[in-house]
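Asker: Each chain, written out:
Number of protein chains: 2
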Amino acid sequence: MTPKLSRYATRLPSSPVREILSVSQQPGMISFAGGLPDASVMPTLPVSDSYANVMQYGTSDGEGILKQNLVKWLASEGFECSAEYVMITSGSQQGLDLVSRLLVDEGSEVIVEDPTYLAMLQLLKGLGAKLLPINLGENGVDLESLEQQLKNSQARMIYLIPTFQNPTGYCYTEAERIAVAELIDRYQVTLVEDDPYRVLNFDGVFTRPICHYLKTATWVYLGSFSKMLWPGLRTGFMVAHPALFPWLMRSKQAADLHSNRLGQAIIAEYLQQGLLADHVAKLQAHYKEKRDYMQTLLKTHLPATVRWRLPSGGMFFWLELDQDTRQVLVKGIESGVVVLPGTAFAVEKSADHTLRLSFSQMKPADMEEGIKRLAKVLAQLQA
Amino acid sequence: MTPKLSRYATRLPSSPVREILSVSQQPGMISFAGGLPDASVMPTLPVSDSYANVMQYGTSDGEGILKQNLVKWLASEGFECSAEYVMITSGSQQGLDLVSRLLVDEGSEVIVEDPTYLAMLQLLKGLGAKLLPINLGENGVDLESLEQQLKNSQARMIYLIPTFQNPTGYCYTEAERIAVAELIDRYQVTLVEDDPYRVLNFDGVFTRPICHYLKTATWVYLGSFSKMLWPGLRTGFMVAHPALFPWLMRSKQAADLHSNRLGQAIIAEYLQQGLLADHVAKLQAHYKEKRDYMQTLLKTHLPATVRWRLPSGGMFFWLELDQDTRQVLVKGIESGVVVLPGTAFAVEKSADHTLRLSFSQMKPADMEEGIKRLAKVLAQLQA
Numbered sequence: 001m002t003p004k005l006s007r008y009a010t011r012l013p014s015s016p017v018r019e020i021l022s023v024s025q026q027p028g029m030i031s032f033a034g035g036l037p038d039a040s041v042m043p044t045l046p047v048s049d050s051y052a053n054v055m056q057y058g059t060s061d062g063e064g065i066l067k068q069n070l071v072k073w074l075a076s077e078g079f080e081c082s083a084e085y086v087m088i089t090s091g092s093q094q095g096l097d098l099v100s101r102l103l104v105d106e107g108s109e110v111i112v113e114d115p116t117y118l119a120m121l122q123l124l125k126g127l128g129a130k131l132l133p134i135n136l137g138e139n140g141v142d143l144e145s146l147e148q149q150l151k152n153s154q155a156r157m158i159y160l161i162p163t164f165q166n167p168t169g170y171c172y173t174e175a176e177r178i179a180v181a182e183l184i185d186r187y188q189v190t191l192v193e194d195d196p197y198r199v200l201n202f203d204g205v206f207t208r209p210i211c212h213y214l215k216t217a218t219w220v221y222l223g224s225f226s227k228m229l230w231p232g233l234r235t236g237f238m239v240a241h242p243a244l245f246p247w248l249m250r251s252k253q254a255a256d257l258h259s260n261r262l263g264q265a266i267i268a269e270y271l272q273q274g275l276l277a278d279h280v281a282k283l284q285a286h287y288k289e290k291r292d293y294m295q296t297l298l299k300t301h302l303p304a305t306v307r308w309r310l311p312s313g314g315m316f317f318w319l320e321l322d323q324d325t326r327q328v329l330v331k332g333i334e335s336g337v338v339v340l341p342g343t344a345f346a347v348e349k350s351a352d353h354t355l356r357l358s359f360s361q362m363k364p365a366d367m368e369e370g371i372k373r374l375a376k377v378l379a380q381l382q383a
Numbered sequence: 001m002t003p004k005l006s007r008y009a010t011r012l013p014s015s016p017v018r019e020i021l022s023v024s025q026q027p028g029m030i031s032f033a034g035g036l037p038d039a040s041v042m043p044t045l046p047v048s049d050s051y052a053n054v055m056q057y058g059t060s061d062g063e064g065i066l067k068q069n070l071v072k073w074l075a076s077e078g079f080e081c082s083a084e085y086v087m088i089t090s091g092s093q094q095g096l097d098l099v100s101r102l103l104v105d106e107g108s109e110v111i112v113e114d115p116t117y118l119a120m121l122q123l124l125k126g127l128g129a130k131l132l133p134i135n136l137g138e139n140g141v142d143l144e145s146l147e148q149q150l151k152n153s154q155a156r157m158i159y160l161i162p163t164f165q166n167p168t169g170y171c172y173t174e175a176e177r178i179a180v181a182e183l184i185d186r187y188q189v190t191l192v193e194d195d196p197y198r199v200l201n202f203d204g205v206f207t208r209p210i211c212h213y214l215k216t217a218t219w220v221y222l223g224s225f226s227k228m229l230w231p232g233l234r235t236g237f238m239v240a241h242p243a244l245f246p247w248l249m250r251s252k253q254a255a256d257l258h259s260n261r262l263g264q265a266i267i268a269e270y271l272q273q274g275l276l277a278d279h280v281a282k283l284q285a286h287y288k289e290k291r292d293y294m295q296t297l298l299k300t301h302l303p304a305t306v307r308w309r310l311p312s313g314g315m316f317f318w319l320e321l322d323q324d325t326r327q328v329l330v331k332g333i334e335s336g337v338v339v340l341p342g343t344a345f346a347v348e349k350s351a352d353h354t355l356r357l358s359f360s361q362m363k364p365a366d367m368e369e370g371i372k373r374l375a376k377v378l379a380q381l382q383a
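These protein sequence lines are chains F and Y, in that order. The first sequence: position 158 = 158 (full-length UniProt numbering), numbered continuously. The second sequence: position 117 = 117 (full-length UniProt numbering), numbered continuously.
Just so you know, the hints here were simulated from the structure itself, not pulled from any lab data. It should be emphasised that the depicted structure is a prediction, and the values quoted were computed from it without experimental measurement. Some clues are possibly wrong.
The list cannot tell twin chains apart, which means a pair is met if one copy fits it or any two copies do.
What the hints assert, rightly or not - No more than 20 Å apart at the CA atoms, straight line, and that leaves these computed lysine to aspartate or glutamate pairs for DMTMM-like:
id : residue 1 : residue 2
1  : 125       : 105
2  : 4         : 185
3  : 130       : 106
4  : 282       : 203
5  : 125       : 106
6  : 151       : 185
7  : 130       : 105
8  : 376       : 324
9  : 372       : 320
10 : 4         : 106
11 : 282       : 77
12 : 4         : 109
13 : 288       : 366
14 : 299       : 322
15 : 130       : 109
16 : 72        : 84
17 : 288       : 203
Isolated chain F, as found in the complex:
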């Protein structure tokens, strides 16, 4: 029998990133495709006698000790909030799912950056959202197009990644953050601010969350421990406006009751021991070196017509080319290099001439070999 599926199921696209993960793991393959943190700089797990105490069922919002430590850390990052409105999630992806289901019906309008995070596109398409793109180009976020979208729509939700955006690496300036917050307050739409890359700040740029500046609009702020500590623990978090928090609790209960407690206890222990600040400094130096080396390689090996903005943080270079890039994935794999064409992240604006390259995980020699292979593939496609 063929099962009768829901409209959600039939609309839900599969993820190209996760599907090519297996290709990336073939011997000799060099992959710039994923957004994996470098396992060599993950700390060893802190030891504690308390872990045996978290084996029973727990509370839907998460471990109090983790929430308290998290609130302290967020305050040190310029974002004051109350532990009462913090929820621990199974990675920040789950937070995106929970909040989207609370706000989006079939046909609901949602404002998004164009291009934007792949798995959020996947989710919003599954839910049947009507996506209203705002341009994220070389001059930053297009405030005029944002205001037009807000004025001309009934959007319930705006989804932004203001800090080291995925895929473009763009980081909103202070002035942009304030201007965006003012527009959101004026038009009363719920802001969903996704902030997984915050700690990977190489050049000390301004990163205060847009949620901090909102006066009347409702909002959800999402963060992750995956990029700073251990993604395998699947522990992320949300902070929500008080009007939204009780709904998130119900949605979390129905989704998985609560997040795994051992992961929460381990991260709480790490924060409690005061180890995070030094570790973040180490991460910043480590990834900055990778970014700088990638930039050198791109300048050395790619044609002078390829353009990019040096990302001040995060994990990605976003390249704009004079040639069509849609065949780079298939042709690249034949040559032992995996690169994601920008089309994977496109909402409406063409991304046919763009590529996203991750620099987060690779050894220098592999990175060099990979960029050389990419240069050859581009030359072949050009010919």
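For chain F, the structure is supplied; the task is to place chain Y on it using the hints.
Answerer: For chain Y alone, coordinates are given in the frame of chain F:
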């Protein structure tokens, strides 16, 4: 501002069980309300050098080593399946959410036992399902009403808990399992079989999954490690018919990318070390003693008019009374005893004269004191 919410959000009921958890934790309160396993019989976590290897992002379907061990265990339980179609979930609650979203649209008909599992009712109501109840009474599952519902509806999904059902404790006989499977095959509806209590089999009754007997219908089988090992790790699993598995993968990616790997590695290690069989035997003896003691207390302290069937497994007694029980929760809390009225689990059939009592977690002295308090509350309400 008041956020504009989705229809899912506005339909989603809150969970009375989770809301009274805080009441249950007040000093002196004796609670029969939850379904918590007894922490005193949870094993210590197995030690392994391999845990550092699961700190990176993982695969959406879960750890191979856990899936292989799981398939071996399921085969020993009379259910042959392939690791290829096993997915590890963030507790079996997540499996229910993933599969329901794949099958249920607003207005979709779903066949369920009446009464049934509270959090699944919550979820299906949130999704806007039209629930078609089949009676689960003193004589077991009502096959005639099942066939009527199948014949007269366009149901896409049937949700059953055939083994130590929550809340009634009922366990389908072999003949009932075969008859139900034949009907499901005949009417081609997807079976969602929820089986969290399987190992808590006190009297050696027949428990082979109904999914085993299906010939042509599609199905999803859900299981949990929460009742046999550590609920705090939030590690459950699904086995799916090949036609459904790829859709579950997409849905899992959009929901949380993958489940926490440390929990998976710990459980895999426990299974790999061959420790499960002895532990299950210990659990069965432990909970059987509690069940038998509860039965003695019920016979001793409650009026002779209260009726129940001795549950051959699971965690609950389901009591039928000659009096209205809807005030028992509120009045009980005033007297220091928390008991769930059956109405919380009702679909359509009245459950105004029923109560669910958990016997899984309590010390004998507390259990006795709690049943005495309950007897008093019932007498007061009667008067």
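Asker: Each of the hints needs a verdict: does it hold here or not?
Answerer: Hint-by-hint comparison with the structure:
Within a single copy, residue 125 and residue 105 get their C-alpha atoms as close as 11 Å, and across copies as close as 15 Å, so both meet the 20 Å cut-off. Only between protomers do residue 4 and residue 185 lie at most 20 Å apart by alpha-carbon distance; the minimum there is 15 Å, versus 42 Å within a single protomer. Proximity of residue 130 and residue 106 under a CA criterion of 20 Å is satisfied in both settings, with 8 Å inside one chain copy and 19 Å between copies. Within a single copy, residue 282 and residue 203 get their C-alpha atoms as close as 14 Å, which meets the 20 Å cut-off; across copies the closest is 58 Å, which misses it.
Taking identical chains as interchangeable, the C-alpha atoms of residue 125 and residue 106 lie at most 20 Å apart whether they share a chain (9 Å) or sit on different chains (17 Å). When the C-alpha separation of residue 151 and residue 185 is checked against a cutoff of 20 Å, the pair qualifies only within one copy, where the shortest distance is 12 Å, while the shortest distance between copies is 53 Å. For a Cα distance limit of 20 Å, the shortest separation of residue 130 from residue 105 qualifies both inside one copy, at 10 Å, and across copies, at 18 Å. For the homomeric pair residue 376 and residue 324, the shortest alpha-carbon distance inside one copy (15 Å) is at most 20 Å, but the shortest distance between copies (79 Å) is not.
Only within a single protomer do residue 372 and residue 320 lie at most 20 Å apart by alpha-carbon distance; the minimum there is 17 Å, versus 75 Å between protomers. Taking identical chains as interchangeable, the C-alpha atoms of residue 4 and residue 106 lie at most 20 Å apart whether they share a chain (19 Å) or sit on different chains (14 Å). With identical chains, the CA atoms of residue 282 and residue 77 are at most 20 Å apart within one copy only, with a shortest distance of 17 Å there and 50 Å across copies. In this assembly of identical chains, residue 4 and residue 109 lie within 20 Å of each other by CA distance solely across copies; the values are 12 Å between and 27 Å within a copy.
In this assembly of identical chains, the alpha carbons of residue 288 and residue 366 lie at most 20 Å apart only when taken from the same copy (17 Å versus 60 Å across copies). With identical chains, the CA atoms of residue 299 and residue 322 are at most 20 Å apart within one copy only, with a shortest distance of 15 Å there and 83 Å across copies. Proximity of residue 130 and residue 109 under a CA criterion of 20 Å is satisfied intra-copy only: 5 Å inside one chain copy versus 27 Å between copies. For the homomeric pair residue 72 and residue 84, the shortest alpha-carbon distance inside one copy (13 Å) is at most 20 Å, but the shortest distance between copies (44 Å) is not.
Proximity of residue 288 and residue 203 under a CA criterion of 20 Å is satisfied intra-copy only: 8 Å inside one chain copy versus 63 Å between copies.
Against the hints set out earlier in the document, no violation occurs for any number.
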